[in-house]
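Build out the structure end to end from the sequences listed, making use of the hints.
Residue numbers (my numbering), protein chains in the order written: chain E, 87 to 503; chain U, 87 to 503.
Hints are not guaranteed to be accurate.
For identical chains, the list gives no copy identity; a pair is met inside one copy or between any two copies.
Stated by the list, open to error - Lysine to any residue pairs mimicking SDA-like chemistry, simulated, CA-CA at most 25 Å apart:
(1) Lys111 - Leu408
(2) Lys188 - Ala109
(3) Lys474 - Thr244
(4) Lys409 - Glu93
(5) Lys409 - Arg394
(6) Lys288 - Leu411
(7) Lys183 - Arg97
(8) Lys153 - Ala109
(9) Lys158 - Val106
(10) Lys474 - Met498
(11) Lys183 - Thr388
(12) Lys183 - Leu157
(13) Lys183 - Val119
Worth flagging that the hints you see were computed from the coordinates, not collected in a lab. Remember, it's a predicted structure, so these values are computed and weren't measured experimentally.
Number of protein chains: 2
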Amino acid sequence: MLARNAEEITRRAGRPIRIVAVADKNVELAKQVTGGACRVTDDAFSVVADPEVDIVVELIGGYGVAKELVLKAIANGKHVVTANKALLATHGNEIFKAAQDKGVMVAFEAAVAGGIPIIKAVREGLTANRIEWIAGIINGTTNFILSEMRDKGLSFDTVLKEAQRLGYAEADPTFDIEGVDAAHKITILSALAFGIPMQFDKAHVEGNLQTGCSRYQIRRTTGLSHQAAGYHQAYRRRRRAARASDADSSKRLIANVEGAMNAVLVQGDAVGATLYYGKGAGAEPTASAVIADLVDVTRMHTSDPENRVPHLAFQPDAMADLKILPMDDVTTSYYLRLRVQDKPGVLADITRILADEQISIEAVIQKEPGEGEDQTDLIMLTHQTREKRIVAAIAKIEALGVVAGKVTKLRMEELGK
Amino acid sequence: MLARNAEEITRRAGRPIRIVAVADKNVELAKQVTGGACRVTDDAFSVVADPEVDIVVELIGGYGVAKELVLKAIANGKHVVTANKALLATHGNEIFKAAQDKGVMVAFEAAVAGGIPIIKAVREGLTANRIEWIAGIINGTTNFILSEMRDKGLSFDTVLKEAQRLGYAEADPTFDIEGVDAAHKITILSALAFGIPMQFDKAHVEGNLQTGCSRYQIRRTTGLSHQAAGYHQAYRRRRRAARASDADSSKRLIANVEGAMNAVLVQGDAVGATLYYGKGAGAEPTASAVIADLVDVTRMHTSDPENRVPHLAFQPDAMADLKILPMDDVTTSYYLRLRVQDKPGVLADITRILADEQISIEAVIQKEPGEGEDQTDLIMLTHQTREKRIVAAIAKIEALGVVAGKVTKLRMEELGK
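Given below as structure tokens:
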């Protein structure tokens, strides 16, 4: 992309951006791709030590060698551009501190939501706002899987295989499926939005794609998929009521985010709800974000470090100690689906358990069992309650002995409330 | 907002932003609002000459005194933040040249799409991309009117009055209704996206709200309202085919932009389609954008002017001379609606005229006339053709003497083609 769009990039940046060296384990492939335009090596540490190099682009991933390389690059006085959300969510505080001390920049637009310039929007575009909440569909892999399961009526396993074939899911899809990837991203967005340090250890990580629950059901009620979403609920301490019409409109939009696309919704006290939508992954969108960072860093290269945009939007000496709400204390309404035995008293037992936990019910739908079946589906919508209570109630319901398998639980977050 | 969110803004900017002086014709009101916190005057020229002032915020509008004040502020070495799209679209080249020569910044996030940080996204977030096209709903007044006409079945005049009562439309709504406001905005976006100077004189300005055509019809076919949109079609010279799935998904999103909301869709060769959505107008969203600019300018205040982000995204000595396509040469398909006499031969006459202009028809719907009526509605969808041909054909059709009133013509732009 740097070669293909060299002319446009140079016209914007005011100078060309030149690749000095590339490090790759597969030296032959890298030589082929770069066509002799730069030094190619399998020793990444030689690149971060190269006096010719001003900016190091780290696209390895993970917390191991990537962390060592990034810290070494910073120690050598080089700016860093990275797409590594896992590294930043878990070691970001250490990395930004090192960069701050050394007067270099660490840019990471590609770490969240691929090519959508969401980091820039939150960090620089909404600086006038007290940001109230941030939500979104930030894992394209699981959104693709949910879209396909619904549209084609296929099973989770079948769609996962298809996603792997298409390159939308890794060979080991754990991070995506279990919600770890989304939690990394929401950790980064929360830091930028609320002016808090990275706190991945306090993020709630959850994936429940395997329930086979189609997203359609979640959409009808809230328009927002929290499956495999990862929670970071600092915002709950500061949110205010937004106008319902805004939230309705935003819901309609986010309900139309299909396949591998991403969308992030940010509520500011001044601007109201703003939404950012685009491709969340892939080589080209990621490169788009990486190069946008390269151009930014190139421009700010000679500027006084004190006047640069702070890494996490807020000045490092002005971080807030906003408490992150434990998942147990999160309040929302719930969608529950249970496969139950079709016999008298079952519904009474279940509603008694919910009542004991002070959970009030908004609606119940009990389907007629099929011909010759002795089981049926029971769907319940609750009013607002605490996560702790619903978890306790579900444990008791599952212990009743009349429910087949696990209770499916989906949170019905109300945007803008 | 500067007072209300002073703490958050200071934590981001790294220093407080202080209002030194306010100029308003209504001095008493301004004194009341500012509560003695700063100097209040009715002489705006005294503010732009004040040695205490680093940044001038121009929120007057129009091309008259606003232009004089902005140029004077620049001449006095002050940075300028403005929300004035009319001024920039028509005199931007002169203003940016003056700022460039003087080494000051002119920031204008609030000029397009209210609180949505779309200027920043296009100027800095997508620098890696060759931008192929840009489209959107950027006039909240007309979008509100269309939404209300459709949802409530009210006439244009009734809804306009309601819009004026709610403050969504000016007492003199000409600029919004006639498409001038949208054309100002698309002129600015085109300059940023394509690296061309401001060329408002070449923008196609059109408003056709009064036809009473509900947007629903446009949406069903293309998902995009071009009513009162204002055209700037430089992009047609450089667009490429985007993947249909992206375009479909974007269409669904933009079709859900209701009321006074704005949305801008940007297609880059690397990132694909990205969409930005939020409130397009109003005091708070506008202030959100103005203050984001203030924070940016405050940060870059001491930086080397050569390394700042260029006003129009591209370096001033690297502007392209991309030709803007005259409206006559724009190619698209069309939706036509005609009120015609219900008698034999009418459809044959009309299709003959279209054939003579080499316009091929995709579909025709002719409604049964109502009981006792001798007129009926004829709806036609054409294949791709040039604007020049459709305009010529419509003139001939209207001259036939069998059409009541004017032919309603809507462009059916295909996004991503």
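Would you pick out the hints that fail for this structure and give their numbers low to high?
-> 1, 3, 5 and 13
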